[in-house]
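Asks: Starting from the known structure of chain Z, arrange chain L on it as the hints suggest.
There are 2 protein chains.
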Amino acid sequence: MATENALIDGALRNWHSNMDRVGRFFRSLSDDDLQKEIAPGKNRLIYIWGHLSATNDRMIPLLGFGERRYPELDLIFISQPDRAVPHNFAGEAMGDMWSQLGDLLWSEFAKLTPAEWLDRHQAASPEDFEREPHRNRYTILLGRTTHLAYHLGQAILVKR
Amino acid sequence: MATENALIDGALRNWHSNMDRVGRFFRSLSDDDLQKEIAPGKNRLIYIWGHLSATNDRMIPLLGFGERRYPELDLIFISQPDRAVPHNFAGEAMGDMWSQLGDLLWSEFAKLTPAEWLDRHQAASPEDFEREPHRNRYTILLGRTTHLAYHLGQAILVKR
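So the protein sequences, as listed, match chains Z and L. Last residue of the first sequence: 160 in my numbering, with the numbers rising by one and none dropped. Last residue of the second sequence: 160 in my numbering, with the numbers rising by one and none dropped.
Among the hints, a few may not be true.
Which copy is meant is left open, because identical chains are indistinguishable; a pair holds if it fits in one copy or across any two.
[Stated by the list, open to error] Here are the simulated lysine to any residue pairs, SDA-like style, with alpha carbons at most 20 Å apart:
hint, residue 1, residue 2
1, Lys159, Pro81
2, Lys36, Pro114
3, Lys42, Pro126
4, Lys159, Arg68
5, Lys36, Glu116
6, Lys42, Val158
7, Lys159, Ala90
8, Lys36, Pro133
9, Lys36, Phe65
10, Lys36, Ile156
11, Lys111, Glu92
No lab work stands behind these hints, which were simulated from the structure alone.
If we strip away everything but chain Z, and leave its shape as in the complex, we get (with noise of 0.2 Å):
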């Protein structure tokens, strides 16, 4: 038991040290800086701030932990691109909605056990969870760890 609670450690210190990262470099810029892109013509600040958002907010039900808080993010933030759908986000709102966010998915995960950590989530079923037994809440963890690092390497490379 020791071992897999070290091992659940090393991935919850992963992913925290990583939302850490993206909720002080977004909180440290003005609304007119989260309106520039991070390379020209590509993404803006507050598209990728929102789209963050919007994949921690759908980690609550495929994770088993209740219903989504801001499903409408989803239509501005993951399926449409950068300015397809007009917004009026601006940094307070998002700073907010990273914090409440960020607290609910951190008071889920501590709950969890090992066992739990290992059962599926909610976008597997059972039939496929037979067959791929690593369709995992863990495996959503790392992989989600990974997309905020890979979203943060582009955020980053805006000076303000």
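Replies: Chain L in isolation, oriented as in the chain Z frame:
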């Protein structure tokens, strides 16, 4: 034991998937493409590939797998910024190095038991490790996986 192995399997899958994406992306580029910058005034693609290769090479002694294969990469791709040190690395040599290092790490990973994954890495002294048991091989694997994703997110901004 089954639980421990499933947790480690998840982390190895995430590493492998990111290594594979990075390798496929860079191999698809010509030597001219590799000279492109990820954004105006930022690192060139060849530098990012070299930086990730050097990081992989450093994992060999860090994880106790033996001597480094390409220690000369550090001066060009780690300790100095892009363009500071002239070099002649091009796609074919980089691709060979990438495969060799990826194969070496992968075959060493496969030999480790869960307890060995949780043993200290070589940049932590026994005293450090006593105080900070998360300074182990497993958290290096997780951290290096997010590092791959961080730079892949940047590299991918360059359209061919």
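Asks: When Cα atoms must be at most 20 Å apart, do Lys36 and Pro133 count as within-copy, between-copy, both, or neither?
Replies: This pair counts as neither: shortest intra-copy Cα distance 41 Å, inter-copy 41 Å.
Asks: Taking 20 Å as the upper bound on the Cα-Cα distance, should Lys111 and Glu92 be classified as within, between, both, or neither?
Replies: neither (30 Å within a copy, 49 Å between copies)
Asks: When no copy is specified for Lys36 and Phe65, does a C-alpha distance of 20 Å or less occur within a copy, between copies, both, or neither?
Replies: neither (34 Å within a copy, 44 Å between copies)
Asks: Indicate which option fits the pair Lys159, Ala90 if close means a Cα-Cα distance not exceeding 20 Å: within, between, both or neither.
Replies: within (19 Å within a copy, 29 Å between copies)
Asks: Could you place Lys159 and Pro81 in one of the four classes (within, between, both, neither) given a Cα distance threshold of 20 Å?
Replies: between (23 Å within a copy, 17 Å between copies)
Asks: At 20 Å max between alpha carbons, let me know whether Lys42 reaches Pro126 within a copy, between copies, both or neither.
Replies: neither (39 Å within a copy, 46 Å between copies)
Asks: Between the shortest in-copy and the shortest cross-copy C-alpha distance, which are at most 20 Å for Lys36 and Ile156: within, between, both, or neither?
Replies: Cα proximity of Lys36 and Ile156: in one copy and across copies (11 Å, 18 Å).
Asks: Which holds for Lys42 with Val158 at a C-alpha limit of 20 Å: within a copy, between copies, both or neither?
Replies: Classified as both; 12 Å inside a copy, 10 Å across copies.
Asks: Which holds for Lys36 with Glu116 at a C-alpha limit of 20 Å: within a copy, between copies, both or neither?
Replies: neither (41 Å within a copy, 45 Å between copies)
Asks: Given a CA cutoff of 20 Å, do Lys159 and Arg68 count as a within-copy pair, a between-copy pair, both, or neither?
Replies: Neither. Shortest intra-copy (33 Å) and inter-copy (35 Å) distances fail the 20 Å Cα cut-off.
Asks: Is it within a copy, between copies, both, or neither that the alpha carbon of Lys36 lies no farther than 20 Å from that of Pro114?
Replies: neither (42 Å within a copy, 45 Å between copies)
Of the numbered hints stated above, those contradicted by the structure are hints 2, 3, 4, 5, 8, 9, 11, listed in ascending order.
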